[in-house]
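Each protein sequence line maps, in turn, to chains W and Z. Using this note's numbering, the first residue of the first sequence is number 552, and each one after it goes up by one. Using this note's numbering, the first residue of the second sequence is number 145, and each one after it goes up by one.
I should point out that these hints are in silico values taken from the structure, not numbers from a laboratory. Note that the Cβ used here is the ideal one computed from N, Cα and C, for glycine as well. A portion of the hints provided could be inaccurate.
[To be verified] If you anchor each label on the Cβ, the simulated ranges turn out as follows:
#1 Z:A180 to W:N571: 34 to 42 Å
#2 W:V611 to Z:D396: 28 to 36 Å
#3 Z:V394 to W:D590: 45 to 53 Å
#4 Z:D395 to W:G575: 23 to 31 Å
#5 Z:Q360 to W:N571: 39 to 47 Å
#6 W:N620 to Z:W187: 18 to 26 Å
#7 Z:R422 to W:D615: 30 to 38 Å
#8 W:N633 to Z:G456: 37 to 45 Å
#9 W:D626 to Z:G456: 47 to 55 Å
#10 Z:L171 to W:D584: 42 to 50 Å
[What the hints assert, rightly or not] Each computed DSS-like pair below joins lysine-lysine, with the alpha-carbon atoms no more than 30 Å apart:
#11 Z:K381 to W:K635
#12 W:K619 to W:K608
#13 W:K608 to W:K585
#14 W:K635 to W:K608
#15 W:K619 to W:K585
#16 Z:K351 to W:K608
#17 W:K619 to Z:K351
#18 Z:K418 to W:K635
#19 Z:K418 to W:K608
#20 Z:K351 to W:K585
#21 W:K619 to Z:K418
[Unchecked claim] From the structure, some residues in chain Z lie toward chain W, with a derived Cβ separation under 8 Å:
#22 Q190
#23 R191
#24 F372
#25 A376
#26 F377
#27 R408
Residues per chain, in single letters:
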Amino acid sequence: MTSTAPASEDVRAALADIVNEVAGIPVEDVQLDKAFIDDLDVDSLSMVEVVVAAEEKFGVTIPDDEVKNLTTVGDAVAFIINAKG
Amino acid sequence: MSARLATVSGAEYAGILGVGSYRPTRLVPNAELVDAIDSSDEWIQQRSGIRTRRWAGDDETVVSMGVAAAQRALEHAGVDAAQVDCVLVATISHLMQTPAAAPLIAHQLGTEQAAAFDVSAACAGFCYGMALASDMVRAGSARHVLVIGSEKLIDITDLTDRSTAFIFADGAGAVLVGPTDTPGIGPVVWGSDGEQDELITQRENWKSVIADPDPQMPHLVMQGNAVFRWAAFTMAKVASQALEQAGLTVDDLDAFVPHQANMRITDAMARAMKLPDRVTIARDIAEQGNTSAASIPLALDRLVAEGQVSSGDTALLVAFGAGLAYAAQVVTVP
Chain W
552 MTSTAPASED VRAALADIVN EVAGIPVEDV QLDKAFIDDL DVDSLSMVEV VVAAEEKFGV
612 TIPDDEVKNL TTVGDAVAFI INAKG
Chain Z
145 MSARLATVSG AEYAGILGVG SYRPTRLVPN AELVDAIDSS DEWIQQRSGI RTRRWAGDDE
205 TVVSMGVAAA QRALEHAGVD AAQVDCVLVA TISHLMQTPA AAPLIAHQLG TEQAAAFDVS
265 AACAGFCYGM ALASDMVRAG SARHVLVIGS EKLIDITDLT DRSTAFIFAD GAGAVLVGPT
325 DTPGIGPVVW GSDGEQDELI TQRENWKSVI ADPDPQMPHL VMQGNAVFRW AAFTMAKVAS
385 QALEQAGLTV DDLDAFVPHQ ANMRITDAMA RAMKLPDRVT IARDIAEQGN TSAASIPLAL
445 DRLVAEGQVS SGDTALLVAF GAGLAYAAQV VTVP
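When you get a sec, could you build the whole thing from the sequences and use the hints?
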């Protein structure tokens with residue numbers, strides 16, 4: 552990881568804003584240990600919206616094949632930091 | 145020797161003169177099809193916004209529904225069928241390879257042997273037809289053009305397929321395009337992406353079907369999430385480009401009438417385009433289902449009939465589907 556990688560908390564907060572805008576989930580609920588589908592009730596179509604918004608926000612590419620591995624908010628944050636790093 | 149040919153010229157501007165639709169009689173609630181796909185009314189509504197759809201009966205065909213919708217569009221325009229020079233029918237569910245549905249519809253309408261052909265651009269077909277009609281009127285190859293979307297998708301839908309059974313539906317819509325005093329149809333933004341042909345496709349070609357000892361109807365198949373991603377985001381950009389080509393911004397819009405593919409796609413597009421709340425968004429899919437090429441004129445006709453838009457309002461159309469073919473243009477509501 553290089554110094555260009557964003558801090559985990561910054562990514563989580565930005566992702567929380569996206570999840571809030573797409574699915575109306577309160578930002579404070581979007582924590583690293585929360586699963587998108589099981590805990591936050593973000594369904595697969597909303598997940599696609601979150602992914603596309605995150606791609607634009609962070610300037611990364613998240614392939615369809617990768618999306619199914621992003622179970623928790625922490626998974627997504629780690630993927631984004633890794634992709635940026 | 146190269147002789148100089150005479151040319152014709154058309155109207156300066158083209159626009160929509162009238163709109164009409166035909167909705168099949170049979171209304172099918174989600175409850176009627178959930179058992180075959182092990183689903184629920186709640187799940188279908190959440191995933192698609194669809195509460196009911198209409199399915200055509202044996203006596204409701206691509207041709208008969210197209211005729212009914214076109215008659216209403218002609219009445220709305222106050223133009224006689226004899227004045228129609230060309231009939232375009234956007235459809236993928238007229239199950240005759242040839243002749244096309246358009247000549248049959250043109251004849252049954254009572255046109256005087258109008259030029260007639262089908263447009264095969266799937267769910268984008270209506271907006272493709274609108275672009276052709278506008279250009280024909282302005283170039284002088286026709287003065288009045290009927291653009292009809294007519295679909296009987298029930299015939300090519302697998303009612304046990306969880307990703308399509310609750311989506312596809314039947315119906316027809318039509319507009320009459322003709323000369324207008326001011327520009328009524330903006331420049332088209334269109335294209336296709338054959339590299340992604342497998343996202344929405346007929347399962348196999350007819351020759352393979354016939355070669356099969358136990359032939360099955362080659363139903364439509366669709367990769368829902370991939371289509372959602374493409375439709376909701378790439379198509380929002382295409383729609384925005386059509387606005388820009390017309391010299392407008394979202395602040396000039398009165399209505400947004402996207403192909404009624406899925407309410408979630410419509411909502412995501414509206415968010416991506418940052419449409420102001422005051423813009424009326426067509427949501428015909430809730431009652432009608434996804435009728436492919438017929439969905440935009442059906443949705444537009446509902447907005448007009450319910451008074452949700454007025455004559456002279458500005459509406460943005462965007463259509464997208466198999467191919468992946470897509471097209472968008474701004475129009476003035478008749």
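To see whether the hints hold, each was checked on the structure:
1. Z:A180 to W:N571: 34 to 42 Å: The hint (34 to 42 Å, Cβ to Cβ) holds, given that A180 of chain Z and N571 of chain W are roughly 37 Å apart.
2. W:V611 to Z:D396: 28 to 36 Å: 34 Å, holds
3. Z:V394 to W:D590: 45 to 53 Å: 35 Å, violated
4. Z:D395 to W:G575: 23 to 31 Å: Since D395 of chain Z and G575 of chain W have Cβ atoms about 26 Å apart, the given range 23 to 31 Å holds.
5. Z:Q360 to W:N571: 39 to 47 Å: 46 Å, holds
6. W:N620 to Z:W187: 18 to 26 Å: Given range 18 to 26 Å: holds, Cβ gap about 24 Å.
7. Z:R422 to W:D615: 30 to 38 Å: This hint holds: roughly 35 Å between Cβ atoms.
8. W:N633 to Z:G456: 37 to 45 Å: The hinted range 37 to 45 Å is violated for N633 of chain W and G456 of chain Z, with Cβ atoms some 54 Å apart.
9. W:D626 to Z:G456: 47 to 55 Å: 51 Å, holds
10. Z:L171 to W:D584: 42 to 50 Å: 46 Å, holds
11. Z:K381 to W:K635: Holds: K381 of chain Z and K635 of chain W sit about 25 Å apart, inside 30 Å.
12. W:K619 to W:K608: 20 Å, holds
13. W:K608 to W:K585: 21 Å, holds
14. W:K635 to W:K608: Roughly 12 Å separates the two Cα atoms, so the pair holds.
15. W:K619 to W:K585: Cα-Cα ~15 Å, so holds.
16. Z:K351 to W:K608: 47 Å, violated
17. W:K619 to Z:K351: 37 Å, violated
18. Z:K418 to W:K635: Distance ~27 Å between K418 of chain Z and K635 of chain W Cα, so the pair holds.
19. Z:K418 to W:K608: 16 Å, holds
20. Z:K351 to W:K585: Not OK: K351 of chain Z and K585 of chain W at ~51 Å, beyond 30 Å, violated.
21. W:K619 to Z:K418: Answer holds: K619 of chain W to K418 of chain Z is near 28 Å, not above 30 Å.
22. Q190: Status holds, d = 7 Å.
23. R191: At 7 Å from the nearest chain W Cβ, R191 of chain Z passes the 8 Å test, so the hint holds.
24. F372: Constraint on F372 of chain Z satisfied, holds at 5 Å.
25. A376: A376 of chain Z check passes; min Cβ-Cβ to chain W is 7 Å, inside 8 Å.
26. F377: Since chain W brings a Cβ to about 5 Å from F377 of chain Z, closer than 8 Å, the hint holds.
27. R408: OK, holds: R408 of chain Z within 8 Å of chain W, min 5 Å.
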